[in-house]
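Chemist: Since chain Z is already given, all that's left is putting chain P on it; use the hints.
Residue numbers (our numbering), protein chains in the order written: chain Z, 1 to 112; chain P, 1 to 113.
If you are wondering where the hints come from, they were derived from the structure by calculation, not from laboratory data.
Computed from a predicted model, the values in this text were never measured in an experiment.
Don't take every hint at face value.
These stretches of chain Z come out as covered by chain P in the derived footprint (C-beta under 8 Å, 3 or more residues) [stated by the list, open to error]:
1) 25-31
2) 54-61
3) 100-107
Dumping the calculated DSS-like pairs for lysine-lysine here, alpha-carbon to alpha-carbon at most 27 Å [claimed, not checked]:
4) 68/Z to 14/P
5) 70/P to 9/P
6) 57/Z to 71/Z
7) 9/P to 57/P
8) 57/P to 83/P
9) 71/P to 14/P
10) 42/Z to 9/P
11) 42/Z to 57/P
12) 68/Z to 15/Z
13) 15/Z to 58/Z
14) 68/Z to 57/Z
15) 71/P to 5/Z
16) 71/P to 42/Z
17) 9/P to 71/P
18) 42/Z to 68/Z
19) 15/Z to 71/Z
20) 42/Z to 70/P
21) 15/Z to 42/Z
22) 42/Z to 14/P
23) 68/Z to 58/Z
24) 57/P to 71/P
Just so it is clear, CB atoms sit at the ideal spot from N, CA and C, and this is done for glycine as well.
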Amino acid sequence: QQQVKQSPQSLIVQKGGISIINCAYENTAFDYFPWYQQFPGKGPALLIAIRPDVSEKKEGRFTISFNKSAKQFSLHIMDSQPGDSATYFCAARPGSARQLTFGSGTQLTVLP
Amino acid sequence: DGGITQSPKYLFRKEGQNVTLSCEQNLNHDAMYWYRQDPGQGLRLIYYSQIVNDFQKGDIAEGYSVSREKKESFPLTVTSAQKNPTAFYLCAIAGVPSYNEQFFGPGTRLTVL
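Just chain P, same shape as in the assembly:
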């Protein structure tokens, strides 16, 4: 937690709808990450961004999109192409000099109805 906020805490979506999860930070860290957490599968990287206007796909990017228009914001859109979107989504940040420690936000639990 700390300087990372995620909203909303809970989100419900009907099938076929796109939804956007918010991640904001005030720690001036360069790198931001989105993870998906499912029971028994740990944390899987969806997308990450090291600088504004640049981002890279992680291991499970299909069905998701991101933008990084501002250093402090890294929203994640779960599109209708994501076949099984119900999960706990975590945003994380990391910064200089080593990017070793990732600080996680409180998470958003998305449920598809």
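Chain Z on its own, in the form it takes in the complex:
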């Protein structure tokens, strides 16, 4: 059972544009929502994370927006750069658990 639905599967953006990736979840027990970035042939690395007590978190060009009532959260990449081209995964974890549930991933390509 897929508990975190991620879209789109792939995304192409021009340099300088805004990349937006969306995730939706069903389990209301989730209380931690990280985003991971993965380059080809490498392991994923934590990019940014949010808890449901805030609606937005920004780190540099990366922003998470969180809508608790809609059970949705999204990653916004401002001023997208070719170096941002990677696969992005959203994830979620309930407070009592020690494992993450991952979305299916979004392959982002930023054109120069």
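Modeler: Relative to the frame of chain Z, chain P by itself:
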């Protein structure tokens, strides 16, 4: 990456053979995880371990086995019972206090010939 090593980077296996993937960490983290990554399917949890000599099945444990005899090591065996083992395998670790951030190793790409 960092204090997590996975070996080998590439592994080729003939059908019917068992193979063992290595995962070692020197960060003294309690929890260790194995994931399988296939194109378009994200990361799926195979097994995880929170303490030595204890581990739990994840979502796709069939055809795999693990051991946790030492805190720093969590090897994964892909058995001949795994029908479609060709994939990218990732090991991750997490630690106190919140276990929130999982640190991933560089991965092992397994190909069945």
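Chemist: Are the hints correct? Go through all of them and say.
Modeler: Hints and how they fare:
1. With a threshold of 8 Å between beta carbons, the proposed coverage of the region 25-31 of chain Z by chain P is violated, since 0 of its residues qualify and at least three are required.
2. Residue count for the region 54-61 of chain Z with a Cβ under 8 Å from a Cβ of chain P: 0. That is fewer than the three needed, and the coverage hint is violated.
3. With a threshold of 8 Å between beta carbons, the proposed coverage of the region 100-107 of chain Z by chain P holds, since 5 of its residues qualify and at least three are required.
4. Pair hint residue 68/Z plus residue 14/P does not hold up; C-alpha atoms about 48 Å apart against a cutoff of 27 Å.
5. Restraint check: the Cα-Cα separation between residue 70/P and residue 9/P comes to about 22 Å, which is no more than 27 Å; the hinted pair holds.
6. A C-alpha spacing of about 16 Å is found between residue 57/Z and residue 71/Z, which places the hinted pair at or below 27 Å, so the restraint holds.
7. Our distance criterion of 27 Å between C-alpha atoms is met by residue 9/P and residue 57/P, whose separation comes to about 24 Å.
8. For the proposed pair residue 57/P and residue 83/P, the alpha carbon gap of about 18 Å is at most 27 Å, so the pair holds.
9. For a cut-off of 27 Å, the pair hint linking residue 71/P to residue 14/P is broken: about 31 Å separates their Cα positions.
10. Note on residue 42/Z and residue 9/P: the hinted pairing holds, with a Cα-Cα distance of about 10 Å set against a maximum of 27 Å.
11. In summary, the hint linking residue 42/Z to residue 57/P is supported, as the alpha carbons are separated by about 24 Å, within the 27 Å threshold.
12. Proposed proximity of residue 68/Z and residue 15/Z is contradicted: the alpha carbons are some 31 Å apart, above 27 Å.
13. Distance check on the hinted pair: residue 15/Z and residue 58/Z sit about 20 Å apart at the alpha-carbon level, within 27 Å; holds.
14. With a C-alpha separation of about 14 Å, the suggested pair residue 68/Z and residue 57/Z falls inside the 27 Å cut-off, and the hint holds.
15. Restraint check: the Cα-Cα separation between residue 71/P and residue 5/Z comes to about 34 Å, which exceeds 27 Å; the hinted pair is violated.
16. Between residue 71/P and residue 42/Z, the direct Cα distance comes to roughly 24 Å. Compliance with the 27 Å bound is thereby established for this hinted pair.
17. Using a Cα cut-off of 27 Å, the hinted pair residue 9/P and residue 71/P holds, with the two alpha carbons roughly 22 Å apart.
18. For the proposed pair residue 42/Z and residue 68/Z, the alpha carbon gap of about 32 Å is over 27 Å, so the pair is violated.
19. The hinted pair formed by residue 15/Z and residue 71/Z fails the criterion: a straight-line CA distance of about 30 Å is larger than 27 Å.
20. Distance restraint check for residue 42/Z and residue 70/P: the Cα-Cα separation of roughly 25 Å lies within the 27 Å cut-off, and the hinted pair is therefore satisfied.
21. Distance restraint check for residue 15/Z and residue 42/Z: the Cα-Cα separation of roughly 23 Å lies within the 27 Å cut-off, and the hinted pair is therefore satisfied.
22. The hinted pair formed by residue 42/Z and residue 14/P meets the criterion: a straight-line CA distance of about 25 Å does not exceed 27 Å.
23. Straight-line distance between C-alpha atoms of residue 68/Z and residue 58/Z comes to about 17 Å, which keeps the hinted pair within the 27 Å bound.
24. Distance restraint check for residue 57/P and residue 71/P: the Cα-Cα separation of roughly 18 Å lies within the 27 Å cut-off, and the hinted pair is therefore satisfied.
Against the hints set out earlier in the document, violations occur for numbers 1, 2, 4, 9, 12, 15, 18, 19.
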